[in-house]
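From first to last, the protein sequence lines are chains A and B. Counting in UniProt numbering, the first sequence runs from 1 upward without gaps. Counting in UniProt numbering, the second sequence runs from 1 upward without gaps.
Simulated from the structure, these hints should not be mistaken for lab results. Some hints here could point you the wrong way.
Straight-line alpha carbon distances no greater than 20 Å define the calculated DMTMM-like cross-link-like pairs of lysine to aspartate or glutamate that follow [to be verified]: (1) K112/A <-> E127/A; (2) K222/A <-> D278/B; (3) K222/B <-> D278/A; (4) K275/A <-> E218/B; (5) K253/A <-> E226/A; (6) K253/A <-> E79/B; (7) K42/A <-> D109/B; (8) K58/B <-> E127/B; (9) K83/A <-> D225/B; (10) K275/B <-> D225/A; (11) K253/B <-> E218/A; (12) K101/A <-> D225/B; (13) K83/B <-> E102/A; (14) K112/A <-> D38/B; (15) K83/A <-> E185/B; (16) K275/A <-> D225/B; (17) K150/B <-> E185/B; (18) K150/A <-> E132/A; (19) K275/A <-> E307/A; (20) K83/A <-> E87/B; (21) K101/B <-> E218/B; (22) K42/B <-> D109/A; (23) K58/A <-> E127/A; (24) K275/B <-> E100/A; (25) K101/B <-> E87/A; (26) K58/A <-> E106/B; (27) K139/A <-> E314/A; (28) K101/A <-> E79/A; (29) K58/B <-> E106/A; (30) K101/B <-> E79/A; (31) K58/A <-> E87/A; (32) K101/A <-> D278/B; (33) K112/B <-> D158/A; (34) K58/A <-> E261/B; (35) K253/A <-> E106/B; (36) K253/A <-> E218/A; (37) K83/B <-> E307/A.
Pairwise CB distance ranges, derived in the manner of DEER restraints [what the hints assert, rightly or not]: (38) D278/B <-> T231/A: 21 to 31 Å; (39) Q105/B <-> L195/A: 27 to 37 Å; (40) R177/B <-> Y191/A: 25 to 35 Å.
These numbers come from a predicted model, not from an experiment. Even glycine gets a Cβ: it sits at the ideal position worked out from N, Cα and C.
Protein chains: 2
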Amino acid sequence: MANIRDIAKMAGVSVTTVSRVINDHPYVSEDKRKAVIDVMRKVDYQVNRNAVSLSQGKSHLIGVVVPFVKHPYFGLLIEGIAKQAVENHYHFVLIQTNYEKEREQEALDMLKHKQIDGLIICSHMIELATIEAYQQYGKIVVSENAAGNKSIDSVFVDHYQSFMDALAYLKQKGYKRIGYCIGRESGSNSYFRHLAYKNFLTQYPQKEFVFTENYYFEDGQKVMDEISELTEKPDALLVTSDVVAAGILTACKNAHMKVPEDMAIIGFDNQPIAKMMDITTFEIPIATMGERLFQHVLGKAINRHEELSVNLIERGTV
Amino acid sequence: MANIRDIAKMAGVSVTTVSRVINDHPYVSEDKRKAVIDVMRKVDYQVNRNAVSLSQGKSHLIGVVVPFVKHPYFGLLIEGIAKQAVENHYHFVLIQTNYEKEREQEALDMLKHKQIDGLIICSHMIELATIEAYQQYGKIVVSENAAGNKSIDSVFVDHYQSFMDALAYLKQKGYKRIGYCIGRESGSNSYFRHLAYKNFLTQYPQKEFVFTENYYFEDGQKVMDEISELTEKPDALLVTSDVVAAGILTACKNAHMKVPEDMAIIGFDNQPIAKMMDITTFEIPIATMGERLFQHVLGKAINRHEELSVNLIERGTV
């Protein structure tokens, strides 16, 4: 295979000129550029992109950290990220962590070793302060409220306020024993949601109903099984994922329970399944969030922290 | 920042030795290796991974081409791929194509430009013969029956046979107007499924019922809307995705149709939703397929073409 010296010789230019053409450097005359490209085409010269990356200090790759790929929430987030990656001529390395710190550390190390130009962290177990230290190697963006943090960009929705709004809505509709279902207990978003629930219970005392580790449709049955064993049962549930809400609704129907009479359900996200199953939900612009995260990681955002708004969509489950 | 010459000087070794330590070359004494690593730690020396990749001719990245990330089938496939990536200390670049040839071409170009070491193509629009030509730049694996093809590895299930088995099963159960629902019409897997259906209809003549462009739960309603406008309606449906089957089942229930009396449904995949909604389905080992695809792309498979088996799981919808 022809190397850069052969190309230079065949095109009648210097090695430096060939290098400049490969790296799209401005100081090359059009004649010389054309001569080099013609020779490269003739010999089917393969640019080693790693060499180009090295010379430019850029990989044109962005790392994307998600706990699970197959969850519809992260699926939609990746959808938005993928859209912006295409528009900006970037690709992304997907790092599925299953919430293992070791996997998250690998992503941070890829940034440190310049294998990726920036990092989008959709959810994490490693402390934000630890992550912050890696900001020196490239831009890092998180999808949680990191306002007040000077070096890390964030794109988020106000989970505290939307939970408060949902609880107030159920209260106003007459429900008295409100519970909530969530994925993991830890993490910033879960923290704010639990805080809202705690503050609501201080204002309107009732028994606490919290169901954790619910991610998928089939977890809805698990929640209803847990509820069936309680002597005092909730009469309304806030469910942080529409697919879990759909699973709960299906489990209720299978058990001949009436929704919303026996059990009110509010979902989150406004996934298509919520529309089809007529589930009241808080719409979160997930794909838009993915797009904004990508724009932030490329340094194309004006603000460091960006809050997206959430809307209640009233349907038949409350 | 210290460069490789500074490190060599501080450690009292040659530049070549430092380079060998970085690249994990065997011909370095333990003493020298330790001295270099100590100095590197002291000055917090950052290895530029692009430089290492260049010197080794490897990026330790595998490209993964999928049409959609948010579809549960591809979600599970990526799950299996991610598992093997972790075990083999690789990462993967996810290329979502939306079935656009331009996106698939980008993935092939990444292989050509050595940005990735290999490529897993889960579904594609570009002709297999075109893809084959890129095999010279690195290993390519597809998840469709490419047996007979000498250069491209494949991991697949026999869609022709499983469709034939499903049709025979419905026939034997007494159904007389059998239709099928699928995603896209083109592609190798769709081709074999349609061929099975055609051959079945030649053997047992009936009206043809084919519903295309069905990917998600909400598409189930669309299928039932289309059926409601037919004068002659199918009494059984083969549905190539469990989530669509679940959507059809829900739409049937909403329309007060009895399943399987008014409409029999067979899904494919055996996703958790099929178990929860008691849907008869053909189990495809999708996550295993993802794992095997990754082992093939790393050249760790014994066979070039590998067929995984499919099992009928009898539940309540037939």
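Results for each hint:
| no. | hint | result |
| --- | --- | --- |
| 1 | K112/A <-> E127/A | 17 Å, holds |
| 2 | K222/A <-> D278/B | 16 Å, holds |
| 3 | K222/B <-> D278/A | 16 Å, holds |
| 4 | K275/A <-> E218/B | 8 Å, holds |
| 5 | K253/A <-> E226/A | 16 Å, holds |
| 6 | K253/A <-> E79/B | 31 Å, violated |
| 7 | K42/A <-> D109/B | 18 Å, holds |
| 8 | K58/B <-> E127/B | 27 Å, violated |
| 9 | K83/A <-> D225/B | 31 Å, violated |
| 10 | K275/B <-> D225/A | 16 Å, holds |
| 11 | K253/B <-> E218/A | 19 Å, holds |
| 12 | K101/A <-> D225/B | 47 Å, violated |
| 13 | K83/B <-> E102/A | 14 Å, holds |
| 14 | K112/A <-> D38/B | 19 Å, holds |
| 15 | K83/A <-> E185/B | 24 Å, violated |
| 16 | K275/A <-> D225/B | 16 Å, holds |
| 17 | K150/B <-> E185/B | 26 Å, violated |
| 18 | K150/A <-> E132/A | 9 Å, holds |
| 19 | K275/A <-> E307/A | 25 Å, violated |
| 20 | K83/A <-> E87/B | 29 Å, violated |
| 21 | K101/B <-> E218/B | 27 Å, violated |
| 22 | K42/B <-> D109/A | 18 Å, holds |
| 23 | K58/A <-> E127/A | 27 Å, violated |
| 24 | K275/B <-> E100/A | 28 Å, violated |
| 25 | K101/B <-> E87/A | 15 Å, holds |
| 26 | K58/A <-> E106/B | 18 Å, holds |
| 27 | K139/A <-> E314/A | 39 Å, violated |
| 28 | K101/A <-> E79/A | 24 Å, violated |
| 29 | K58/B <-> E106/A | 18 Å, holds |
| 30 | K101/B <-> E79/A | 18 Å, holds |
| 31 | K58/A <-> E87/A | 18 Å, holds |
| 32 | K101/A <-> D278/B | 37 Å, violated |
| 33 | K112/B <-> D158/A | 44 Å, violated |
| 34 | K58/A <-> E261/B | 61 Å, violated |
| 35 | K253/A <-> E106/B | 47 Å, violated |
| 36 | K253/A <-> E218/A | 14 Å, holds |
| 37 | K83/B <-> E307/A | 34 Å, violated |
| 38 | D278/B <-> T231/A: 21 to 31 Å | 29 Å, holds |
| 39 | Q105/B <-> L195/A: 27 to 37 Å | 49 Å, violated |
| 40 | R177/B <-> Y191/A: 25 to 35 Å | 55 Å, violated |
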